[in-house]
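Number of protein chains: 2
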Amino acid sequence: MSDFITKRAEDINQWYNDLVIKGELADYSSVRGCMVIKPYGYALWENMRDALDKMIKDTGHVNAYFPLFVPKSLFEAEEKNAEGFAKECAVVTHYRLKNDPNNKGKLIVDPEAKLEEELVVRPTSEAVIWNTYKTWVQSYRDLPLLINQWANVVRWEMRTKLFLRTAEFLWQEGHTAHATQAEAIEETKKMLGVYADFTENWLAIPVYQGVKSESERFAGADDTYTIEGLMQDGKALQCGTSHFLGQNFAKAFDVKYQTTEGKDEYVWATSWGVSTRLIGALLMTHSDDKGIVMPPKVAPHQVVFVPFLHEKKPEQNQILIDKCNEFVTQFKAKGIRCKIDTDLMKRPGFKFAEHEMKGIPVRIVFGPRDLEENVAEVARRDNLSKESISQDKLVDHVENLLTEIQANIYNRAKEYRNTNTRECTDYEDFKSKIAEGGFVITHWDGTAETEEKIKEETKATIRCIPYDYEQTAGKCIYSGKETKHRVLFARAH
Amino acid sequence: MSDFITKRAEDINQWYNDLVIKGELADYSSVRGCMVIKPYGYALWENMRDALDKMIKDTGHVNAYFPLFVPKSLFEAEEKNAEGFAKECAVVTHYRLKNDPNNKGKLIVDPEAKLEEELVVRPTSEAVIWNTYKTWVQSYRDLPLLINQWANVVRWEMRTKLFLRTAEFLWQEGHTAHATQAEAIEETKKMLGVYADFTENWLAIPVYQGVKSESERFAGADDTYTIEGLMQDGKALQCGTSHFLGQNFAKAFDVKYQTTEGKDEYVWATSWGVSTRLIGALLMTHSDDKGIVMPPKVAPHQVVFVPFLHEKKPEQNQILIDKCNEFVTQFKAKGIRCKIDTDLMKRPGFKFAEHEMKGIPVRIVFGPRDLEENVAEVARRDNLSKESISQDKLVDHVENLLTEIQANIYNRAKEYRNTNTRECTDYEDFKSKIAEGGFVITHWDGTAETEEKIKEETKATIRCIPYDYEQTAGKCIYSGKETKHRVLFARAH
Chain A
1258 MSDFITKRAE
1268 DINQWYNDLV
1278 IKGELADYSS
1288 VRGCMVIKPY
1298 GYALWENMRD
1308 ALDKMIKDTG
1318 HVNAYFPLFV
1328 PKSLFEAEEK
1338 NAEGFAKECA
1348 VVTHYRLKND
1358 PNNKGKLIVD
1368 PEAKLEEELV
1378 VRPTSEAVIW
1388 NTYKTWVQSY
1398 RDLPLLINQW
1408 ANVVRWEMRT
1418 KLFLRTAEFL
1428 WQEGHTAHAT
1438 QAEAIEETKK
1448 MLGVYADFTE
1458 NWLAIPVYQG
1468 VKSESERFAG
1478 ADDTYTIEGL
1488 MQDGKALQCG
1498 TSHFLGQNFA
1508 KAFDVKYQTT
1518 EGKDEYVWAT
1528 SWGVSTRLIG
1538 ALLMTHSDDK
1548 GIVMPPKVAP
1558 HQVVFVPFLH
1568 EKKPEQNQIL
1578 IDKCNEFVTQ
1588 FKAKGIRCKI
1598 DTDLMKRPGF
1608 KFAEHEMKGI
1618 PVRIVFGPRD
1628 LEENVAEVAR
1638 RDNLSKESIS
1648 QDKLVDHVEN
1658 LLTEIQANIY
1668 NRAKEYRNTN
1678 TRECTDYEDF
1688 KSKIAEGGFV
1698 ITHWDGTAET
1708 EEKIKEETKA
1718 TIRCIPYDYE
1728 QTAGKCIYSG
1738 KETKHRVLFA
1748 RAH
Chain B
1258 MSDFITKRAE
1268 DINQWYNDLV
1278 IKGELADYSS
1288 VRGCMVIKPY
1298 GYALWENMRD
1308 ALDKMIKDTG
1318 HVNAYFPLFV
1328 PKSLFEAEEK
1338 NAEGFAKECA
1348 VVTHYRLKND
1358 PNNKGKLIVD
1368 PEAKLEEELV
1378 VRPTSEAVIW
1388 NTYKTWVQSY
1398 RDLPLLINQW
1408 ANVVRWEMRT
1418 KLFLRTAEFL
1428 WQEGHTAHAT
1438 QAEAIEETKK
1448 MLGVYADFTE
1458 NWLAIPVYQG
1468 VKSESERFAG
1478 ADDTYTIEGL
1488 MQDGKALQCG
1498 TSHFLGQNFA
1508 KAFDVKYQTT
1518 EGKDEYVWAT
1528 SWGVSTRLIG
1538 ALLMTHSDDK
1548 GIVMPPKVAP
1558 HQVVFVPFLH
1568 EKKPEQNQIL
1578 IDKCNEFVTQ
1588 FKAKGIRCKI
1598 DTDLMKRPGF
1608 KFAEHEMKGI
1618 PVRIVFGPRD
1628 LEENVAEVAR
1638 RDNLSKESIS
1648 QDKLVDHVEN
1658 LLTEIQANIY
1668 NRAKEYRNTN
1678 TRECTDYEDF
1688 KSKIAEGGFV
1698 ITHWDGTAET
1708 EEKIKEETKA
1718 TIRCIPYDYE
1728 QTAGKCIYSG
1738 KETKHRVLFA
1748 RAH
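For the protein sequence lines, the chains are A and B, in the order given. Basically this note's numbering = 1-based index in the first sequence + 1257. Basically this note's numbering = 1-based index in the second sequence + 1257.
Treat the hints with care, since some could be wrong.
Same chains, same label: a pair holds when it works inside one copy or across any pair of copies.
What the hints assert, rightly or not - Okay, derived cross-link-like pairs now, DSSO-like style, lysine-lysine, Cα gap no bigger than 27 Å in a straight line:
1. Lys1361 - Lys1371
2. Lys1591 - Lys1554
3. Lys1314 - Lys1589
4. Lys1418 - Lys1391
5. Lys1355 - Lys1344
6. Lys1589 - Lys1650
7. Lys1391 - Lys1608
8. Lys1447 - Lys1508
9. Lys1643 - Lys1603
10. Lys1608 - Lys1314
11. Lys1337 - Lys1355
12. Lys1311 - Lys1591
13. Lys1391 - Lys1363
14. Lys1391 - Lys1337
15. Lys1712 - Lys1344
16. Lys1591 - Lys1513
17. Lys1492 - Lys1732
18. Lys1554 - Lys1589
19. Lys1371 - Lys1355
20. Lys1580 - Lys1314
21. Lys1712 - Lys1492
22. Lys1688 - Lys1738
23. Lys1547 - Lys1570
24. Lys1391 - Lys1361
25. Lys1447 - Lys1643
26. Lys1264 - Lys1608
27. Lys1311 - Lys1554
28. Lys1554 - Lys1314
29. Lys1492 - Lys1418
Please keep in mind that the hints were generated in silico from the structure rather than gathered at the bench. Predicted, not measured: the structure shown is a model, and the values here were computed from it.
Only chain A is shown next, with the shape it has when bound in the complex (with noise of 0.2 Å):
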């Protein structure tokens, strides 16, 4: 079975095709650039979800679901947002199909009900959003509006990848409205918070929390704020962004409310979002030439449970059969995800080699014999590692292996990554260690000229303005001049 996965030094990009396709996440589908997420990826996508959705809500946020689609009109409104997202959009331009006269049986577009004003498939929704929070807000007591939507969007990408880049993904989107500039920048920070949080202790991949150069930010925002992680190929890749909007939306859909002095002023806004493209993260992150590695707290299973059956003794079958419920009995008592293999046709090591494959944290065998010896095996798909068990010892045994797993994976990959962050101060080793892969911190002189020329001739880009490197002054590694940004550069996702 892990010979159906390309190695990593052979391939590393046919590698992350087969954990998608052979862990059986997702599918390619008929519809140019858009996925099928199969029901054991979006098993994973609803833990994500529900985890997310409960840290969204506990800082003070409701959902809500806005239209799919955004009439040009208000499309255009916010004229940089248009300018970024109008290139790559899906357009809705009539609504109705009719039969084609010269082919039986065949539909084709019906003239006659063209659009009056063409709909354009959400590819991010403040424009509709921000029509509909017009009416919403008059005066400082309809302030804050903290509102979240999960829903799909559509961006009609050119070189697509499942998970990283798909036409159409799933994401959850905020948007915020305050009544002052300060509370709106301290939302567009909390928020990146609390997805370096998720990022960080759900998924077990570790984040650089940063700004964003002027050229690298959402179109429409004044401030992008990003996590930025480390995959396995050495490249970057944006897990999530949260920005201030400042003033821009407000005015595009003037949205105004009263303040407690009766004076009408403009409102503030962030918006912030994650997508699926995490589960392409997390792939990445933690997967080895075997297979997939989930993190313990979303895996779909957290636990499997490989009895020795034996085709032609079904009593002892049973017997085994009734002991891995038990035990599932008592994990799903403590909230622990199992699943039972009870296939018949299967031999034990092609199952381990499947389970592997699919990343499940702890996989537990025990066979007759064990079951009088009151033992059973536990196997760690994080290390490798097997260790023999006292039954009675099991569930408490495994409940903390599962937190050691998440652990020692999110460890692994951050030592992975501050190995592959270094300092660097001179262009020529620059350009050797962004060849190399990994992030290189290091001066820039602020200008977008300079942003363009390093990217022309290394493909490397500014990730962020990192929180975590003290901003001292130094020379910029490309034109010499005083500066004191320090930046985080890395060919990226």
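Position chain B against the provided structure of chain A, taking the given hints into account.
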């Protein structure tokens, strides 16, 4: 506050719209036929979704996600299905906008970005799903496939009504594949049973279960099973449908499996769905002239505390609010969802009317003297009765009350439904009964011609051939022909 709600006797359609808009469940949007589901409405939907999702999973189904778009060539593959939906679908024809050269700041569809093949925004997902199942099903070991998806769909309705009929709506759609006809029919009926269970036991809406006549079937189905509720305006409402699709989609998409004997056979299919329309059903079933009546099991807030606060006595207020919080902690431990109204600006009477309009099942009120006397006033939304309860017994009392309210509103709706389900053997009598509203149970000769005539003359349609009524022989109410079909007629939403 209650004056803001139009009374049913005055204008029942306006009453319904008032419930939705003034109850803050949804709002009109800038997109024709699409609504915004506001936080209060979405919280209701989340409760409904979570309860139903559990029932769907408990019956062995798993969730997945399929693309929003259906390429035209797939859409037209199952001819009846295509014909049924072609007239009302949103069509994506282009993938880019560009700057309007004649109008600065405006965008136009880029004619160079025309899609080779148009994409239909899914009105339902059979086509895109069955095209995928083709690659997932090879042998009997791959069956049954029991998959559900929560998604948004679009049907270009000409006359829309909030929740009941919108261009975009949220729903779940189950799509299953089976080895045998019998198993698929069993699944179709099982899921109708799940819907009836959910609708009756969670939403407190009594429904008739039955089979649709041929002309009312889902496009592409061999049989459509339905649950039908009766609204307070005397009209029936289709609350959910479950379709036996025969081998129609298997043949259209060439989905075959190898049997245990090694033969190739087409698989058998079902699909089933309920949508945000159920929110409309819930509103129209239980609400009154004071506003919404929420079934406790799905109410966003089950209990609202209204402590008697005094603008100038902050210390006394704090004691009251602390007491509320004590109770909330106890209620929360029992899984009861609470809200405390601490607004200092609004008068109690206004608050009461507001919470009644929003349908919160139980209101708990106390002031400083009640605290001394260790009592609280508990008001029921369903029958508007109030009683004074010892604070020591409050939690248990309210817990029981919520169960009682759930049962009471169901029984009340069932009595209304039963009273307004009348037998009939004479066509003149039938016409007058139909005009009065409600269901009429009568004999029908089984022909589409008779069905069509009755519809033309009375606006009544066959809602279903119900499970609940014995199919005894009799004479068709219209043609006088001998028949064994007894069917439910009604005017419907």
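* Asked: Is it within, between, both or neither when you check Lys1314 against Lys1589 at 27 Å Cα-Cα?
  -> both (26 Å within a copy, 16 Å between copies)
* Alpha-carbon proximity between Lys1547 and Lys1570, which holds within one copy, between copies, both or neither at 27 Å -> neither (32 Å within a copy, 67 Å between copies)
* Give the relationship of Lys1608 and Lys1314 under a CA distance limit of 27 Å: within one copy only, between copies only, both, or neither. => between (40 Å within a copy, 25 Å between copies)
* Asked: How would you label the pair Lys1391, Lys1608 (within, between, both, or neither) given a Cα cut-off of 27 Å?
  -> between (57 Å within a copy, 26 Å between copies)
* Asked: Between copies, within a copy, both or neither: which fits Lys1311 and Lys1554 at Cα up to 27 Å?
  -> Classified as both: same-chain Cα gap 14 Å, cross-chain 20 Å, threshold 27 Å.
* Asked: From the Cα coordinates, with 27 Å as the cut-off, is the pair Lys1712 and Lys1344 best called within, between, both, or neither?
  -> within (22 Å within a copy, 49 Å between copies)
* Asked: From the Cα coordinates, with 27 Å as the cut-off, is the pair Lys1355 and Lys1344 best called within, between, both, or neither?
  -> The answer is between: 7 Å across copies meets 27 Å, while 29 Å in one copy does not.
* Using 27 Å as the alpha carbon limit, work out where Lys1580 and Lys1314 are close: within a copy, between copies, both or neither. => Close across copies (24 Å), not inside one copy (40 Å); limit 27 Å.
* Asked: Given a CA cutoff of 27 Å, do Lys1418 and Lys1391 count as a within-copy pair, a between-copy pair, both, or neither?
  -> The answer is between: 23 Å across copies meets 27 Å, while 37 Å in one copy does not.
* When no copy is specified for Lys1391 and Lys1361, does a C-alpha distance of 27 Å or less occur within a copy, between copies, both, or neither? -> So Lys1391 and Lys1361 pass the 27 Å test across copies only (25 Å; inside, 49 Å).
* Intra- versus inter-copy proximity for Lys1589 and Lys1554 (alpha-carbon distance at most 27 Å) -> both (14 Å within a copy, 25 Å between copies)
* To do: Up to 27 Å between alpha-carbons, please classify Lys1337 paired with Lys1355: within, between, both or neither.
  => Between copies, since 13 Å is at most 27 Å while 38 Å is not.
The structure does not agree with the numbered hints 16, 23, 25 stated previously, though it agrees with the rest.
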